[in-house]
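A.B. asks: These are the residues of each chain, in order.
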Amino acid sequence: MIGSIALLALHLTARPAHGAPALALERARAPEFRARTVTGEALSLAKLLERGPVLLDFWATWCRPCLAELPELEAIGRKYRASGLTVVGVSEDGPRNFARVRPFASKLGLTFPIVLDEDGRIQQLYQVGALPTTVLIDTAGMVVTVREGYRPGESRELEAAVAKLLAPPASEAAPR
Amino acid sequence: MRVAAVASALAIAACALAPVAALAQVALRDLAIAQAGRSKLFQPQNRTALYDQLNVEAALGRVRFGFRYESDENSERTNTYRVFTQRFAEVADEHVRARVGSFYDLLGRGLVQRAFEVPDVVLAEPGVLARYGFSREMDGVLVEGEAGPFAAKLLAGQPGFGTSAPIAGPVHSGELGGGEASVRLPRGARIGGTYLRHTNDTGTRQNELGSGFVDFDPLRLLNLGSASLPLYAEYAQLDRSWEQWWRLTMGDRIPHAFYASSNLLWGPFALAAEWKDYRRFRLGFNDPPSLTREHGFSLLNRSTHVLDAESEHGFQLEAAWSVPGWGSLTVNQTRSDGTPAGRELRYEETYWELRFSRGPEARFEATLYTDRGLDQFDFVSDRDVYGGAATVRLPADCTATLELARKDATGVVAFGRPPSWSDRLLGLSVARARWGSAAFQWERTRDPREEDPVRAVDPQVHALTFASGTVTGRLGDHYNATLFYGKRRGGLACTAGTCYQVEPFKGAELRLTARF
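Chains as they are written, first to last, in the working numbering: chain V, 1 to 176; chain S, 1 to 516.
If you are wondering where the hints come from, they were derived from the structure by calculation, not from laboratory data.
Incorrect hints may have been included.
Said to hold, decoys possible - Calculated cross-link-like contacts (lysine to any residue; reagent style SDA-like; alpha-carbon spacing at most 25 Å):
hint : chain 1 : residue 1 : chain 2 : residue 2
1    : V       : Lys47     : S       : Ala98
2    : V       : Lys47     : S       : Arg187
3    : V       : Lys164    : S       : Ala98
4    : V       : Lys79     : S       : Gly359
5    : V       : Lys47     : S       : Asp397
6    : V       : Lys164    : S       : Arg432
7    : V       : Lys79     : S       : Asp397
Excised from the complex, chain S in its bound form (with noise of 0.2 Å):
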């Protein structure tokens, strides 16, 4: 707490003596929201809210300092805020980088610990409904370096969750302290290990975490250069001693989390590979990689699996095949087992993917997919996606896209008939180069979990549509618009790795960035 508050107090000084500093050069990026509309049925249609973040960064010479101010406000004056969500200050060389304040880091793989944001992903707090930029950072000190070989990283100070609207100001809980100490071996090897001590709000309960790694490649061990196989694994436990540090322990009752991945390179061929093991290791702090594919199709990103590392293993393997001047062939065979309340669950996919495209700037480029899979976590036994988009280039740097999806699931239900939907998307863009582009966007689904709690005592079920129209348009050099009207879908979306509920949005919305 008082590392914090220490930290504070240096960033905030820092960046009110931000002004004296008159050959500091400044940055800036906006982001603003504006909507009309409404989100749920209780509220009214005509609301309005609006959310701004603003982010400014100073440079002097090796010093740099900055702050976020996000404010959020509505029509209806309830949970409203305007707040400094962010500020800090860093001076960095060659060789080392000290910050305080709001920070961003990652030790390992996220096994132990991670903070970062999701820049421009503007979520809504469940309930309240006020809106804020995610973002998990840490509140504290930073201190990092290298010399020759060696590199360390040490951090203290409370983490950010991401979960919530910052109405009372940021929210932060809990202490860590610890670091990453790392040392780099010859043929590009990596050996090190991690950290953490952990006390919670309260003070009432302390733990230790740590996790070893190691980052090589067998084949540029040996000397084979033709192909490449690098190599990652991290292995990570919780409240352990030191002789029981080193058991490498996997079983169900011990604290722990297993990641490895490699990949294979070899000529026109590139596979990758990972496999998990976690056990009892939702931190809050960490974020370990959750092995499921990451699709930029609507339909399928949607329809993604959210890692709960309480309890879950799996792999994750994805092969890719390229032909020059044609295209490639990517398959992704994925699978994540889990426990959650003592019952065995299933997420399962495959993924397969088709592209054609003769080159850079080719007349016309095609992709077509197909994904096969279950996702019991979710409740549904029996599921497949498949869809394609294609773009044609046409005269005046003009280009047009179509894309087509299409998605069947059966759930599950303890007694009766299973119910099955589908789910169909159609999407039309029309862009040009440095002008802009128009996007119209039509989706259907009759999942009855998202029908309107008005028509859910009729049994059969109601199809909901989703139609809306997208202009994007770049506003000289420094600003960039997108008005967005219509009705937008809710559910799970995943950017960056990072997966969060959208909330349903009826009516027009203006998005508009501006940096300096």
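Only chain V is shown next, with the shape it has when bound in the complex (with noise of 0.2 Å):
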């Protein structure tokens, strides 16, 4: 509670300096991992923001919100991919429940890459506590925004952050 307080005291002092709301976890840089997809496949957050944003979903087979959440990420995913968009799940069953992420992706028709997070080192990294916790990085390799947990209708706010990331500038998009 203390360690709240005085993040709230923080973070109401504190005064972006563009004047944005913008706050400490949008500037952030996301950080760097490496790691096999289910299918064996290696995969390094650098290389694909090589290719445009990453959209980072903590989750897991147990995780009812997640089930939901899901297909909405991979229509998401399926409409921006042209685009260079990458959606990445990162399921954090532990070994308990290892041997049914494939089969659970398949029954959901997921196509995007899902890594086995085994001993929970990304999530230390990004510091997720709940699921799902859902993270869009920009090709700077920075934060966009970061959602914890998950509420039907909540993937239009984020589909809308992904549209904004891939819109042109507005310098090259305005008519000469």
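Dock chain one against chain two, each of which comes alone in its own frame, and use the hints as you go.
C.D. replies: The structure is reproduced here in structure tokens:
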């Protein structure tokens, strides 16, 4: 509680440099990680960012909100895949549930890469305390938004953030 | 012991230097739980308690360092603490990672060793009722690296067991040293082995453990691309000679652990199969797969089986068939046989789940399930659980969910008529995107083992009712708050594959998480 109050005070007294209601996490650099997908392919955040923004989703087979969220992320992934977005599912199933991750993903028709966070290192790197947690990372490797938990309809907010990231800069988009 | 001491000193030194590194990027996460109420009969009804867990991490180039600070206070001023429970320093590049201080890791599938935590799960130590974050971290040194197809991991330090509150500081015991080596073969195959040496706390006993594992897909090796059949198998032994190691003995008298799993993915059909055979392998610092399904539904989640690697064998099969645009059917069959104290006992479960969902953002979706089984480990000879949940999308990004469940069980007794009881559950929740949710839950049980001891003299079992309300909200971009009020049922609960005992609670609880 003392920590929370201190953080709240820090938050209320801090003034973002550019005047927007930007917050520390939104300017944080996403920690680099390397992992293998359930199909055995090597995957690294740095490599994925060369292609475009990355949407990390921490989930588990036993997590009921994840069951509702994952198909919506699949839809976002399919829609923006050609524009460079990569959705990566980070399964936080422990050894008890590893064997069920691939069948579970297959059952939901997920086509994006899924990583088994075997020793919980990625979860620790991103300080994930609740499932699902979604982290959107821009091509500069900066965290754009972190969303803990899921309620139906919230993926639209996420999709808007993805679309904004993938939109050409105003100077390029404006007619000459 | 010396390794852990050096690791501690290095990690603390790195943390102490943290403020100097003004350029470091700092991330903070805080979990605070304030309670007003009571868990046990002998506690005052107006007991207040405050648990806090602050995690701070800083990154400076390839170096990271951080700490965890935990505190627990209560109005009785007993068993309180304020202590740094974790600290670490780490340096990593593309091929190598070295870490001193607290770390988590997994060798193989956890048959010989697993250090882990279940984030945001706060337990109360039985008896003293001091709360603590569940963590079984190692305290020592971890070095791991990859070069081409080869990967290796070396570790040394003291394991933590996650069974007690750090009232007198973090609790670690014994000494572990060893590692894992593996090599990747063509077409996704992998083969490897682990070795560990464990010395007990007093230094009077030493054990050696090792395991070998293979991970491959025979269909991929045969270049058959239409289906997928990944196989994983690991065999571990304790205190065996080099010659004995290769015999793969499965007898009752030989301490061993064998685990195998496979998946078959073929179009809309998916099958997962697992097999286990554990004998005298309860080590304290390992965590072999339990092969018991972890359920998201409340009554099923608590009606589960906790693995005892001292003596257990069994299997788990799960098949799923999905029809895009309609939903899926899932069937799970689980069996665990064990002989604790020389008695042959069985846990068995057959689970059917029918899920109806027309796809993302469908207006209506529902799940129906039935689960039939027995749990002789828990003195239950027959158990039926059935229920379901339905969610309706409403205007303005709102949803309403109704959950119903019922459990009927029959107990095991040596003499007389076996007791029968039922549990019933009703849950109703309303959520609005970006705002939060409000939920009401009602649960009633006639389980004689949970009866109020004051009323136990009456031969008739009195029902216990638990009613509660929970409001969850997102407070800006950085805070999440959950307010609980009512009566919470105690007992077994499982999160992320780990089961633990929850203390019953009656009162109000505020849970606040903040992250920056």
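A.B. asks: Hints broken by the structure, by number, lowest first?
C.D. replies: Violated: hints 3 and 5.
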